[in-house]
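Novice: If you read the first sequence in the working numbering, its first letter stands for residue 1, the second for the next number, and so on.
Everything labelled a hint here was simulated from the structure, so no lab data went into it. Where hints are given, some of them may not hold.
[As the list claims (entries may be wrong)] Calculated pairs, SDA-like style, for lysine to any residue (alpha carbon to alpha carbon, straight line, at most 25 Å): (1) K300 x R87; (2) K157 x A254; (3) K157 x G266; (4) K300 x G266; (5) K150 x E223; (6) K268 x A254; (7) K300 x A254; (8) K199 x N143.
[What the hints assert, rightly or not] Computed spacing ranges between beta-carbons, pair by pair: (9) Q53 x R440: 42 to 52 Å; (10) S601 x S481: 31 to 41 Å; (11) R145 x S574: 32 to 42 Å; (12) R131 x G160: 13 to 23 Å; (13) I258 x K157: 17 to 27 Å; (14) E102 x S402: 46 to 56 Å; (15) S481 x D577: 54 to 64 Å; (16) R131 x A103: 27 to 37 Å; (17) G222 x D577: 22 to 32 Å; (18) W608 x E102: 38 to 48 Å.
Backbone N, C-alpha and C define an ideal beta-carbon position, used for all residues, glycine too.
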Amino acid sequence: MMCLLLISLAAGECHPIAGMTICPARSIPGFFEGAALHKYPAYDSPYMDVTNQVVAGVLAEIGDLLEVHGENPFKVRAYARAAETVRHLGRPVAGMDDDDFEALPGIGKVIAGNIAEIVETGTCQEQVRLREATPPGLPALLNLRGVGPKTVHRFWKELGVTGIDDLETAARAHRIRGLRGFGEKKEDEILRAVAAARKVSTRMSMTEAERLAERVLLVIPGEAWVAGSLRRGRSTIGDIDVVTLAPAAETALALEGIADEVIDAGEKKISVRIDEIRIDVRFSTSGDLGAMLLYLTGSKGFNIRLREVARSGGMRLNEYGLTDQTTGELRSFGTEDEVFTALGMVLVPPELREDRGEVDLALAGHLPRVVEAQEIRGDLHLHSEWSDGSMSLDEIALVGESRGYEYILVSDHSASLGIAHGLDADRLACQHQAIREVNRTLGSGCTLLAGVEVDILADGRLALPDRVLQDCDLVVASVHSGFGQAEDVMTRRVITAIEKEHVDIIGHPTGRVISRRPPVALDMGRVIGAAAENGKALEINASPGRFDLDDIYIKQAQERGVKLAIGTDAHAPSDLDHIRHGVTLARRGWCGAGDILNTMSLVDLMEWRG
DNA sequence: GCCGTTTTCGGCCCGACTGTTTTCAGTCG
Numbered sequence: 001m002m003c004l005l006l007i008s009l010a011a012g013e014c015h016p017i018a019g020m021t022i023c024p025a026r027s028i029p030g031f032f033e034g035a036a037l038h039k040y041p042a043y044d045s046p047y048m049d050v051t052n053q054v055v056a057g058v059l060a061e062i063g064d065l066l067e068v069h070g071e072n073p074f075k076v077r078a079y080a081r082a083a084e085t086v087r088h089l090g091r092p093v094a095g096m097d098d099d100d101f102e103a104l105p106g107i108g109k110v111i112a113g114n115i116a117e118i119v120e121t122g123t124c125q126e127q128v129r130l131r132e133a134t135p136p137g138l139p140a141l142l143n144l145r146g147v148g149p150k151t152v153h154r155f156w157k158e159l160g161v162t163g164i165d166d167l168e169t170a171a172r173a174h175r176i177r178g179l180r181g182f183g184e185k186k187e188d189e190i191l192r193a194v195a196a197a198r199k200v201s202t203r204m205s206m207t208e209a210e211r212l213a214e215r216v217l218l219v220i221p222g223e224a225w226v227a228g229s230l231r232r233g234r235s236t237i238g239d240i241d242v243v244t245l246a247p248a249a250e251t252a253l254a255l256e257g258i259a260d261e262v263i264d265a266g267e268k269k270i271s272v273r274i275d276e277i278r279i280d281v282r283f284s285t286s287g288d289l290g291a292m293l294l295y296l297t298g299s300k301g302f303n304i305r306l307r308e309v310a311r312s313g314g315m316r317l318n319e320y321g322l323t324d325q326t327t328g329e330l331r332s333f334g335t336e337d338e339v340f341t342a343l344g345m346v347l348v349p350p351e352l353r354e355d356r357g358e359v360d361l362a363l364a365g366h367l368p369r370v371v372e373a374q375e376i377r378g379d380l381h382l383h384s385e386w387s388d389g390s391m392s393l394d395e396i397a398l399v400g401e402s403r404g405y406e407y408i409l410v411s412d413h414s415a416s417l418g419i420a421h422g423l424d425a426d427r428l429a430c431q432h433q434a435i436r437e438v439n440r441t442l443g444s445g446c447t448l449l450a451g452v453e454v455d456i457l458a459d460g461r462l463a464l465p466d467r468v469l470q471d472c473d474l475v476v477a478s479v480h481s482g483f484g485q486a487e488d489v490m491t492r493r494v495i496t497a498i499e500k501e502h503v504d505i506i507g508h509p510t511g512r513v514i515s516r517r518p519p520v521a522l523d524m525g526r527v528i529g530a531a532a533e534n535g536k537a538l539e540i541n542a543s544p545g546r547f548d549l550d551d552i553y554i555k556q557a558q559e560r561g562v563k564l565a566i567g568t569d570a571h572a573p574s575d576l577d578h579i580r581h582g583v584t585l586a587r588r589g590w591c592g593a594g595d596i597l598n599t600m601s602l603v604d605l606m607e608w609r610g
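Working from the sequences, and respecting the hints, build out all of it.
Specialist: Spelled out as structure tokens, the structure:
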């Protein structure tokens, strides 16, 4: 199979999708797990904890409602920013003093008051007032492509449109083109946007996005780099951004050949749609590449922060470079590193560019060093042919050696999970004997660790007895059944497992399977707290179908000193490649090498187990 | 609504592109 090596030479760093393989792309409707969920988490039970997610949801909704009322865009942005701040906060707002809210960036007296109210009651007067003043279907119109707040406001006030059905009716009756500034094309565009919105979400997994990106890179007649959320390593991707040095006209021609639709095409960029996914390609030159990559990679919030930094230094930052506001002189940069240096910052790795405090730390030169792929010494979750995997023990040891690993944890399922041919105590003992034999005779540089992925039963007990678990090199414990338990029951169940003496790692903690199964109801704050108290690790499951934990929780765990164990959950040799996704997730969670169990030497790892 | 070494009011990131326009508003990333 042919491989593309995407090296971000300009940034002097390896691209997160380096080494990805070429596969035929396919349409992936409805991938995003949130597609079926409400946009704003509802506070609908007096027994439910008011989580940061709920508070963030209320603030975000207020922002959207203000927007359709035509409010000051900066006020709208203030609510949106505050929502993001709360969403990514490392500690629960419910446990904070009201004064603490105001100390948070972008949160002043008014929003602090709102947060206090939401923590107390689940809502706030501002949300109630706005909801009463707004047709409930109106904010959803903001999600239609090509439709922004001004347009929604005009549809509502001038056409009486209160929701997506109304809008479609109005468009079909040609009432849209009657509005000043609207014409036939705009009306057609609205109908297409309505049709697109009615389909399931078109966010896709990181791996699907990589395949689509490869298709695009293959046809571009010149050097090209992936930027945007794919380069930042987000678990789900909404669109694909590419920067290229190839000639604009030839690139446009090549893209039109594989695109379903050309959204717009100009001298500086071309946007197309393939399999419902938007692809934006920006044309650049080698001398400008640094600022262009930086601009197209950053999240919106990160870019805004960076431009604020530039302004405070008397400069203006755009995708072409830095302009001195006094002299008007434009400085260009070939690499991202040079732009950061000119702004007085250290380079911020792409995975961190989310406006979560990294800009201030980079300005102070105190940005934490995040883990690198080459620091990983082994894989801590893998299945052999002894349960539901395809690999023999010999094969695992050889694959591990070929990857330069020092160790691999063989963690087959325990017997309670019948469908996975789980091992009972006797068969596990046989397997562990076979593992020791392989280690002794094969001569592989990669040591196999004799472990197990033991089921956490409905009441928190484990599916294998202590005497069996204590003989294991490492024990992963995971929930594989009873996913529908109430939050408190599930939380107690997982914490009970964490407190078991011989459990070392909690596997795929939230149990989500992207697009197929939502995360279990789990109070992750309590789980992280229990892991910290008991010195246990939480898994970063690197399987693309799981990506569990989410980066928010990885960062929370890291902040509380909990070790993270990256496991591919591999069932076949090629699955071991997924370790790079685990590293990306760890980096997005601000983990350094010291936070990751798999960076330890074998000796240190066994010492950690105790 | 937030913020401040330009500090209690005035500014808030910046540019590409489209459609409907005769010079720009709106949307998007």
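Novice: Are any of the numbered hints broken by this structure? If so, which, sorted upward?
Specialist: 2, 3, 5, 7, 13 and 15
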